[in-house]
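Can you build the whole structure from these sequences, using the hints too?
For the record, the sequence lines run as chains F and E. If you read the first sequence in our numbering, its first letter stands for residue 1, the second for the next number, and so on. If you read the second sequence in our numbering, its first letter stands for residue 1, the second for the next number, and so on.
No lab work stands behind these hints: they were computed from the structure. Predicted, not measured: the structure shown is a model, and the values here were computed from it. Using N, Cα and C, we set each Cβ at its ideal position, and we do this for glycine too. Treat the hints with care, as some may be off.
As the list claims (entries may be wrong) - Looking from chain F toward chain E, a few residues come up when the C-beta cut is under 7 Å (computed):
no., residue
1, Ala69
2, Ala498
3, Arg507
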Amino acid sequence: MLLIGLIVGGTALLSWPLGRYMKWALDPQAPDAGAAGRLTRLFTAAVGAASRQPQHWKQYAVSMLVFNAAIFVVSFAFMALQQYLPLNPDGKTALEGSLIFNTAASFTSNTNLQHYSGEVAMSYLSQLCGLMWLQFVSAATGIAALAALARGLAGKPALGNFYVDVQRAAFLVLLPLALLVATLFAVGGLPMTLQGAAKVTTLEGIEQVIARGPVAAFLAIKQLGTNGGGFFGPNSTHPFENPTFWTNVISSMAIIIVPMACVWMYGRIIGRMRHAGVVFGVMMVLLLAKIGGAVSFESEPTQAFAGLAIEQDVGNLEGKELRFGTAAGPLWAVLTTSTSNGSVNAMHDSLNPLTGLMPMIGMWLNATYGGVGVGMINMFIYIVIAVFLAGMMVGRTPEYLNRRVEAREVKLAVLALLAHGFFILVGTAVFAVTPWGAATLNNTGPHGFSEILYEFSSASANNGSGFEGLGDNTVPWNLATGTVMLLARFIPIILPLAIAGSMARKRATAVTAGTLGVENLTFGVMLLGTILFLGALTFFPAATLGPIAEHLLYMAEGSGR
Amino acid sequence: MPLAYLLLGLAIFALLYGLVAVVARTETGE
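Spelled out as structure tokens, the structure:
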């Protein structure tokens, strides 16, 4: 409880001043004066003519796509050509084509789903310039998109300029935070070197090669940008990525602080901090419910150990790193999947069935703080649907922030919401009934189904964590999840930007006694109910075939695997 | 250079651009 309170409560407190700073950085009150003005001129000069004009939602969305297509190509080239490029002391060769596509899509979309082991496949140049660079700019894309959305909802038809916003987010928010956290990590014992792998002789006289590299720098933005891609294959279970209890605490806080601060930044830009407080509260309730469920379910022993002559009252310790404490595994599993981070400090495949359901719920809802910037954008989609339902229930035209929410906005919101469920459920169904998925499983039955369901959930939520136990570095998996990651990244940004552009042009309506308040407990309960009902209606059938069926089989037979 | 996979990625971005264009055409200009 103390650990959960320290990490969740402490980070929630720190997110308040960070949100205030992010508002200053992304949406300065006087963008042409003082320090903000000098920075704006600097960022404008860096890009040139493209950054001088304020952009309508369509121009903003197109700029975002052009920029992300460009970083996709650059990242792709680094991985395809790494054998010819410098900073390759261990002589890494080019990756297979579909794996390059998957990895470039993964890091461009802020997912960091990894079908490779970094220390085996990537040169230092690929890690730093192909991947770590994308961890900054893909996260900055999410923050920029949220700032643009908020400006539109505040009534500004020009949403800002994407090229200026993405620089503000990268250089003023993510870079300073990453420098701070990287320093803490280096002090905490993470390697930070450009020397190649260490070659040592063990006490038994065996030659051993120990991979290392610029890990502290890589890890800081991995966590802060809700990226999640590890320097090493085992991610944050690796002693060089996460050596101690304290690096685990810092990592956990780094995972959720920027998504939390994004809610406050949103509230400040739209000028409705009480509304942001209600949204923050709804997210916190859902987050704590998942943490409570995961820690509770994981306190039961794993069925794999049933009948063995070992202590059965210490909970499920399979796949855990005990140097962090027993609750740290399920806590991290929830934090990393609630925020679209995707890093892991325990083996998710080894979680008890119902514990494994909690991370999946996090990825299905994808808005309980969510990814940097995009978590709040996803919550905005739920808000549009909630105010629409509330309006229908009382027979009034739905309004949000004093502007009417009409059929077009609701259709776009529903489309964005359906896209997420479509990618997960259709992808899972296709791979569950074909050798593309079935032949790559490590487990049969409901647990095998969960592995496929988790992989598509992770791809569509731009999370990047893996249930593992899945042989996912195949051409079908690489192509399917790569395509899903790109589509599921940008569709839920484009459509809300279109809604914001549409609402910005509407006349503000007068506040009357019949106006739906969005700053009170009633709205919070309505929003919470909307999220739960929509989430359950969409994903409960799939959950029953996977983790719930596995749990019931355990109860009935003792083992479902 | 596995060019086909690079082109696939760019085709997905083109598809997303198409989505922007289609949604923009549904704007009523109210």
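Each hint, compared with the structure:
| no. | hint | result |
| --- | --- | --- |
| 1 | Ala69 | holds (4 Å) |
| 2 | Ala498 | holds (5 Å) |
| 3 | Arg507 | violated (9 Å) |
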